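Visitor: The residues making up each chain are set out below.
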Amino acid sequence: MRLLFAFAFGLLFGCGILISGMGNPAKVLNFFDVAGTWDPSLAFVMGGALLVTAIGYRLIFRMQQPLLAQAFALPTNQDLDTRLVGGSAIFGIGWGLSGFCPGGLVPVLGIGLMEPLLTFAAIIAGMLAARWAISTRYRSDTAQA
Amino acid sequence: MTEFTPLLSFGGGVLIGLAAVALMAVHGRIAGINGIVSGFLTTQLNQDWAWRAAFLAGMVASPLIFLGLSGQLPEISIPSSPLLLVVGGFLTGVGTTFGSGCTSGHGVCGMSRLSGRSIVATMTFMMTAAITVYLTRHVFGG
Numbered sequence: 001m002r003l004l005f006a007f008a009f010g011l012l013f014g015c016g017i018l019i020s021g022m023g024n025p026a027k028v029l030n031f032f033d034v035a036g037t038w039d040p041s042l043a044f045v046m047g048g049a050l051l052v053t054a055i056g057y058r059l060i061f062r063m064q065q066p067l068l069a070q071a072f073a074l075p076t077n078q079d080l081d082t083r084l085v086g087g088s089a090i091f092g093i094g095w096g097l098s099g100f101c102p103g104g105l106v107p108v109l110g111i112g113l114m115e116p117l118l119t120f121a122a123i124i125a126g127m128l129a130a131r132w133a134i135s136t137r138y139r140s141d142t143a144q145a
Numbered sequence: 001m002t003e004f005t006p007l008l009s010f011g012g013g014v015l016i017g018l019a020a021v022a023l024m025a026v027h028g029r030i031a032g033i034n035g036i037v038s039g040f041l042t043t044q045l046n047q048d049w050a051w052r053a054a055f056l057a058g059m060v061a062s063p064l065i066f067l068g069l070s071g072q073l074p075e076i077s078i079p080s081s082p083l084l085l086v087v088g089g090f091l092t093g094v095g096t097t098f099g100s101g102c103t104s105g106h107g108v109c110g111m112s113r114l115s116g117r118s119i120v121a122t123m124t125f126m127m128t129a130a131i132t133v134y135l136t137r138h139v140f141g142g
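For the protein sequence lines, the chains are A and B, in the order given.
Counted the way my numbering counts, the first sequence spans residues 1 to 145.
Counted the way my numbering counts, the second sequence spans residues 1 to 142.
Rather than coming from a laboratory, the hints here were simulated on the basis of the structure.
Owing to the predicted nature of the structure, the values given are computational and were not obtained by experimental measurement.
Take the hints with a grain of salt, since some may be wrong.
Claimed, not checked - Estimated spans, in silico, between C-beta atoms of each pair:
hint, chain 1, residue 1, chain 2, residue 2, range
1, B, S81, A, G112, 29 to 37 angstroms
2, B, S81, A, A73, 35 to 43 angstroms
3, B, F140, A, A73, 36 to 44 angstroms
4, A, A43, B, H138, 42 to 50 angstroms
5, A, V34, B, N46, 43 to 51 angstroms
6, A, A129, B, S81, 36 to 44 angstroms
7, A, L118, B, L64, 16 to 24 angstroms
8, A, A129, B, G71, 39 to 47 angstroms
9, B, G71, A, Y138, 50 to 58 angstroms
Ideal Cβ placement from N, Cα and C applies to all residues, glycine included.
Could you build the full structure based on these sequences and the hints that come with them?
Guide: Next up, the structure:
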């Protein structure tokens, strides 16, 4: 039952991505190309999504717990550190090069083109490399402490 | 050039928001796609892994719904070369892991909760993406 719901929500999320144009790298790159072939459409994606989540989350968080889980899993970290800013800056550079963000890319995988698969493989390689870098640094930090 | 589609884009954004709200209401989870993919890449195939797998399967199946409703596949055009896709993808994987989120996690789910981290992260990656596009298209791409 939980899995059926998760599948349906993924389906809905993916349809939203495809309808909105977030899955189309040409549209994403044109959104950022203010000095060239600017297409401001994607600002409306963020607007529509934020409108719904800003209201929806407020209503949901009045509930004691989620319908099919023990508790709401929310991030607790509030530090504005170099890791957050540096990582986000690197992500932006990658996004600007490919035109694919992770959420835009996954639904496009289902169309079966080669380039999205290639990009997804590269994202996974980057994730694993970063995880490895973080875990080795953590280990050396604790060894010193 | 791509066509300006404010209504379709707004409608798609509303669906993305609804999916994020529904995932929180039922599973109590943030709809951050980077985090969901990252949690999917594990050797522990437990319940926590299963909902991620189901959510991702739904996302990958979504072009079928799009095809069924509109009679055609969504338009995807990829201006970047394979080399740029690989470099860009790798940087995206590294950056979202260090920065703990992407456009959906920080941009939608985090900003709507008024998380300071998410607002800073979103402003940062939007800015560097715009600078990158400016440099590749108007300075080096010329």
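Visitor: Now, for every hint given, state plainly whether the structure supports it.
Guide: Tested hints:
no.: 1; hint: B:S81 to A:G112: 29 to 37 angstroms; result: violated, 20 angstroms
no.: 2; hint: B:S81 to A:A73: 35 to 43 angstroms; result: holds, 39 angstroms
no.: 3; hint: B:F140 to A:A73: 36 to 44 angstroms; result: holds, 42 angstroms
no.: 4; hint: A:A43 to B:H138: 42 to 50 angstroms; result: violated, 21 angstroms
no.: 5; hint: A:V34 to B:N46: 43 to 51 angstroms; result: holds, 45 angstroms
no.: 6; hint: A:A129 to B:S81: 36 to 44 angstroms; result: violated, 22 angstroms
no.: 7; hint: A:L118 to B:L64: 16 to 24 angstroms; result: holds, 22 angstroms
no.: 8; hint: A:A129 to B:G71: 39 to 47 angstroms; result: holds, 41 angstroms
no.: 9; hint: B:G71 to A:Y138: 50 to 58 angstroms; result: holds, 51 angstroms
Checked against the numbered hints given earlier, the structure breaks hints 1, 4, 6 and satisfies all the rest.
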